[in-house]
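Q: Given chain A's structure and the hints, the job is docking chain B onto it.
For the protein sequence lines, the chains are A and B, in the order given. Under this note's numbering, the first residue of the first sequence is numbered 1, with each subsequent residue one higher. Under this note's numbering, the first residue of the second sequence is numbered 1001, with each subsequent residue one higher.
Source of the hints: derived by calculation from the structure; they are not laboratory data. Among the clues, some could well be false.
If you only want the chain A side, here are some residues facing chain B, beta carbon under 8 Å, derived [claimed, not checked]:
hint : residue
1    : T52
2    : V138
3    : E142
Positions of the beta carbon are idealized from the N, C-alpha and C atoms, including for glycine.
Each chain, written out:
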Amino acid sequence: MPCQTKRLGQLACLGAAFALVACTADRVEQEPAAAPAATSTSKVKLPEYPRTRKPGAAVSFKHAFEAKPEVDQLTTVEITVRDDYSDGTLSLTASGDDSLIVFGPTASMTASMAGTAEHVWRVSFEPKSEGVHYLNIVATVEEADLFPMARSHAIRIEVGDVAPSKTAAEPTNGEMAVILEAEETTE
Amino acid sequence: MKQYSASTAMAFAMAISGLVACSGGGGSSASPAGAPASPPPQVTSGNVSISGKITFDHVPHNASAVGLNYDGITAEPARGVIVEAASSSGTALATTTTNSSGDYSLSVPVNTDVRVRARAQMQQTSGAQWDVRVVDNTSDDALYILSGALSSSGTANSVRNLNAPSGWGGSSYTETRAAAPFAILDSIYIAVTGVANVDPDVVFPELQVYWSPQNNSADGNVDDGDLGSSFYTRFDGISTIALLGSENNDTEEYDEHVIVHEFGHFLEDRLSRSDSIGGPHSITDRLDPRVAFGEGFGSAVAGILLQNPIYRDTLGTSQNSGFAFSTERNSVTPAGWFNERSIISILYDIADPIDDGVDVISTGFGPMYDVLISSDYRNSPEATTIFLFIDELRRQTTVPDSDITALVAAQSISGTGPQGAGETNDGGIPTTLPVLKTVTVGGPPLEICSLDDEGDTNKHGNRNLVRFSLPAPATVTMSMTRTSGAPSTDPDFRVFRNGGFIATAGSGVDNSETLTRTLSAGEYLVDAYEFNVVEGTGTDACFNFAVN
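The shape of chain A in the complex, shown without the other chains (with noise of 0.2 Å):
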């Protein structure tokens, strides 16, 4: 999949990261001015510089959502999780903010690590206003013999008509800055 911005997500652009290996610029060679053009591209595989991840439990998500998503109707997202573990227990649990009501049972999740890699986990929410929400889901797994491990996880959710959100910067001095306001003490 192509990279059409550095700025989309790390999921996104894998197949242009995995393409780059230490290319930092400081250290890029001039490919020869005479040499010959590569073989065709069928298929646009553009680097992006790595990303370096934090450490994190051995899963990774999918998902799909079975409708979209509206104020007020309950809708269910099918989220495909896979574990990376030969044994133990990898237990789920989904949260929504305040205006994306999580339906309880379908709220959390145990599956043994011992089977199948996949384990499919249907969660269904309602949103109660329109905009951007997330589905928060915290992923963790035990193995004996290793230290119990965890990993975030979140899924946009756009309902309806979706408003850029930006925290409020304002120009000060020239540049633009979040101003955060500080408790003061007077002496």
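A: What follows is chain B alone, placed relative to chain A:
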């Protein structure tokens, strides 16, 4: 569990303190504690002093090491941050830097309306140098600034103390999380001063830190806060650490080890050399050896520079979940050159002052750092793996070979030299040996395989590192052709020299890939793989790789 000795910690703290005192910052004279008790003198013209302390709310981890303890919040000094006296229009009338106690002192005109502001920025421009800013990636990279109230400077010296509150309201964040940028900076302060302690002339490139309360672990656009994970990368050439901040999802501002782990990537990338391809990983994964080394270094350096071997990461509802592990732990499954946990154990044991098990090495951070920034390491024709690092450590330090051998052998690593020659631990995938393969120009093709046994993206067996040597400049054709496995494959490869990128052969041609280039004499390293295997959509396949 090992801890640093009190004397080591004290020496470290003294070194940091001394360094900051020389930084041109506020200096000890700015300390309110040193101010005279008598009423300040009145002045009607010229300047007066505004001094004080900048602090931020620090939220510690629970004693169980999992989750944050909001009952334990303390105000901690914001060290090394830029403080301004700003006019009503925002113009900086005076600027200084807080000292190691968070103290500052500014000289401003009398009877002038000013507000004291602390920028979420640390900058030191002499001696050891750095420039670190915490900005809001969801708001056009605007800098966070902690601001006091606008009031007259008056006619007498005065004290204005600013605290950045956590925003915690008892069961959730109810106010602006002003402390977060300064908590992040403080972890980086420990890291940069720790490096400066072993390299007083270090010059760090510019570093920006992306943080926002909207930064969450959904994959998407960074401008929207959809980071997927905390990570290090470069955006438009600028080194960038991006940190999660979304309440009830994942917040990093008080996870010092996560922050310094990513700082370790910055250090490796900009002062040393990193060949890591990045991507998701776990301490239990079998990984590409370049990823294993980079990630292991990140976690080890977090334990070393923070002088705390317990790596903690909090996440989840009310920031009450997460995990912790010890960088000191030596029992690793599966141990090997492909496991970041083995790398952590080796690197931490090299630096830490306490012997345990086979570890009798206690070099501190200096020798490790010296190896990493050495020209030989940075310009090596080999890939940045544990083998290259250990080989340079043997060559550049006086650490006894036998001690190093014992340490790596305890992690089931037996290969020697920068290529790991003779390694016998294949991590369950025989085709991964030798670690670095060699093909002869004009010689027979080398069979390599791209396997997904351990996952995709960056896992053990996905990719092959192939070396070839050109004794003289020549036009060569590199080819990669399917021999077995999946019937339809997309072989790709990339070519490097001494860590520098040369070319990509990334066409979508079925079952073969060819690249012709005129190359100068030297050693070349090829990263060869099946595109769909690393994408997670392919199946195992093998190829002939040849250079003619």
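Q: Decide, hint by hint, whether the structure agrees.
A: Going down the list of hints, with the structure as the test:
no.: 1; hint: T52; result: holds, 4 Å
no.: 2; hint: V138; result: holds, 4 Å
no.: 3; hint: E142; result: violated, 10 Å
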